[in-house]
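*Asks:* Taken in sequence, the protein lines are chains A and B. Take the first sequence: its position 168, counting from 1, is numbered 168 in my numbering, and each next residue is one higher. Take the second sequence: its position 14, counting from 1, is numbered 14 in my numbering, and each next residue is one higher.
Mixed in with the good hints, there may be bad ones.
One copy or two, it doesn't matter: identical chains are merged, so the pair holds either way.
What the hints assert, rightly or not - Cross-link-like lysine to any residue pairs, in silico, SDA-like; alpha carbons within 20 Å at most:
1. Lys6 <-> Lys46
2. Lys56 <-> Glu116
3. Lys6 <-> Thr49
4. Lys56 <-> Asp42
5. Lys59 <-> Arg173
6. Lys56 <-> Thr39
7. Lys59 <-> Leu31
8. Lys56 <-> Asn2
9. Lys46 <-> Gln17
10. Lys59 <-> Arg10
Hints in this document: simulated from the structure, not taken from any laboratory.
There are 2 protein chains.
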Amino acid sequence: MNFPSKILERAVEEISQLPGIGKRTALRMALHLLEVPKTRTDNLTKALTHLVHDIKHCKKCNNLSDTEVCTICANPYRNEKIVCVVEDVRDVMAIESTRQFNGKYHVLGGRISPMEGVSASDLCITPLLTRVKEQEIEEIIFALSATIEGDTTMFYLYKILNNTEIKFTTIARGIGVGDELEYTDELTLIRSLQNRVPYQQGLR
Amino acid sequence: MNFPSKILERAVEEISQLPGIGKRTALRMALHLLEVPKTRTDNLTKALTHLVHDIKHCKKCNNLSDTEVCTICANPYRNEKIVCVVEDVRDVMAIESTRQFNGKYHVLGGRISPMEGVSASDLCITPLLTRVKEQEIEEIIFALSATIEGDTTMFYLYKILNNTEIKFTTIARGIGVGDELEYTDELTLIRSLQNRVPYQQGLR
Chain A
1 MNFPSKILER
11 AVEEISQLPG
21 IGKRTALRMA
31 LHLLEVPKTR
41 TDNLTKALTH
51 LVHDIKHCKK
61 CNNLSDTEVC
71 TICANPYRNE
81 KIVCVVEDVR
91 DVMAIESTRQ
101 FNGKYHVLGG
111 RISPMEGVSA
121 SDLCITPLLT
131 RVKEQEIEEI
141 IFALSATIEG
151 DTTMFYLYKI
161 LNNTEIKFTT
171 IARGIGVGDE
181 LEYTDELTLI
191 RSLQNRVPYQ
201 QGLR
Chain B
1 MNFPSKILER
11 AVEEISQLPG
21 IGKRTALRMA
31 LHLLEVPKTR
41 TDNLTKALTH
51 LVHDIKHCKK
61 CNNLSDTEVC
71 TICANPYRNE
81 KIVCVVEDVR
91 DVMAIESTRQ
101 FNGKYHVLGG
111 RISPMEGVSA
121 SDLCITPLLT
131 RVKEQEIEEI
141 IFALSATIEG
151 DTTMFYLYKI
161 LNNTEIKFTT
171 IARGIGVGDE
181 LEYTDELTLI
191 RSLQNRVPYQ
201 QGLR
């Protein structure tokens, strides 16, 4: 690209470092910022600076938080005895938006993946072990990806936590609501047959 | 979306103001910035601030520039007598990357579009009129979009500039190199027949 300006070139270079953004899209964004009021860009840069410098990880559950302890961990109305183990913040957000879970979370910050060079030591596990030792926990729900990596992580955590009297569960695998049987893969079908549940009228 | 942190929510909000970026992509970008070294974000915000506060429009041709007069206008080896009129910076970049044009540019900053509420007064035309008056210009090439809006803009400029002895040209419209006749629209085919050129061996 023949940039008419070094300033523009550098901005495009920096924007295109973002995931999924190529040079062309970055250029479009830079020119867009030049068209809108400057305060918009100032707000954006302030928000980004604030984000990377001031956000914290909750010291109890490792979720992203504005404070030392996140709002979920600090909420006395949530059941401390049930801990849902997830991979990252997006999973917490997804489960929270269902409004069906009233326990607490533990955010691993990834999953064991030898292919991507992520081992158990790269994950945040220690606070979970501390919680298991210090608090009375009845159930740990594994809400991890239904992939080899998710399964490996689940197996690892189960091994190191299993000498306790906690009940371990994993979220159900089966055909998605709205999916057709015809297009469901074999393994999912096998699981959904194995884990069949009593029929309840009116429930999908 | 149930954000665990106000700081994250604001960052996502600001990022999603960029063109073509939804909330989900914005969240992915924000979480990406939290994973990479903080200096990356600092570089990005610095580049964006620099962009909107320090970039200039060349006072001769209205192209984006780091200096009062852009590098193209300041280049004494380029032919001042040929001016190529384009809509925006991207068009200058596209033509420059062909390395086939040695004249100067004039950047309108848009095109007349009643549908989008853009009239002639919103475009940068005065510096072009000044140049036509003060300098000896032989040819003005209209390199505008081959759309109704581009044609309207071209017609308007032709009307206000036509009392001069300048030669007005427009870039050729025809089928693109590599295109198949079968998939070319009628109007383009008509234009490419009307404007047929003598056959030259070895030239596509």
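*Asks:* Run every hint past the structure and note whether it holds.
*Replies:* Each hint tested on the structure:
In this assembly of identical chains, Lys6 and Lys46 lie within 20 Å of each other by CA distance solely across copies; the values are 14 Å between and 23 Å within a copy. In this assembly of identical chains, the alpha carbons of Lys56 and Glu116 never lie at most 20 Å apart, being 25 Å within a copy and 44 Å across copies at closest. In this assembly of identical chains, the alpha carbons of Lys6 and Thr49 lie at most 20 Å apart only when taken from different copies (14 Å versus 23 Å within one copy). When the C-alpha separation of Lys56 and Asp42 is checked against a cutoff of 20 Å, the pair qualifies only between copies, where the shortest distance is 18 Å, while the shortest distance within a copy is 23 Å.
Within a single copy, Lys59 and Arg173 get their C-alpha atoms no closer than 31 Å, and across copies no closer than 64 Å, so neither meets the 20 Å cut-off. Proximity of Lys56 to Thr39 under the C-alpha cut-off of 20 Å is restricted to the inter-copy arrangement: shortest distance 17 Å between copies versus 27 Å within a copy. Taking CA atoms no more than 20 Å apart as the test, Lys59 paired with Leu31 passes between copies only; the shortest distance there is 18 Å, against 41 Å inside one copy. Proximity of Lys56 and Asn2 under a CA criterion of 20 Å is satisfied inter-copy only: 17 Å between copies versus 41 Å inside one chain copy.
In this assembly of identical chains, Lys46 and Gln17 lie within 20 Å of each other by CA distance both inside one copy and across copies; the values are 19 Å within and 14 Å between. When the C-alpha separation of Lys59 and Arg10 is checked against a cutoff of 20 Å, the pair qualifies neither within a copy, at 37 Å, nor between copies, at 22 Å.
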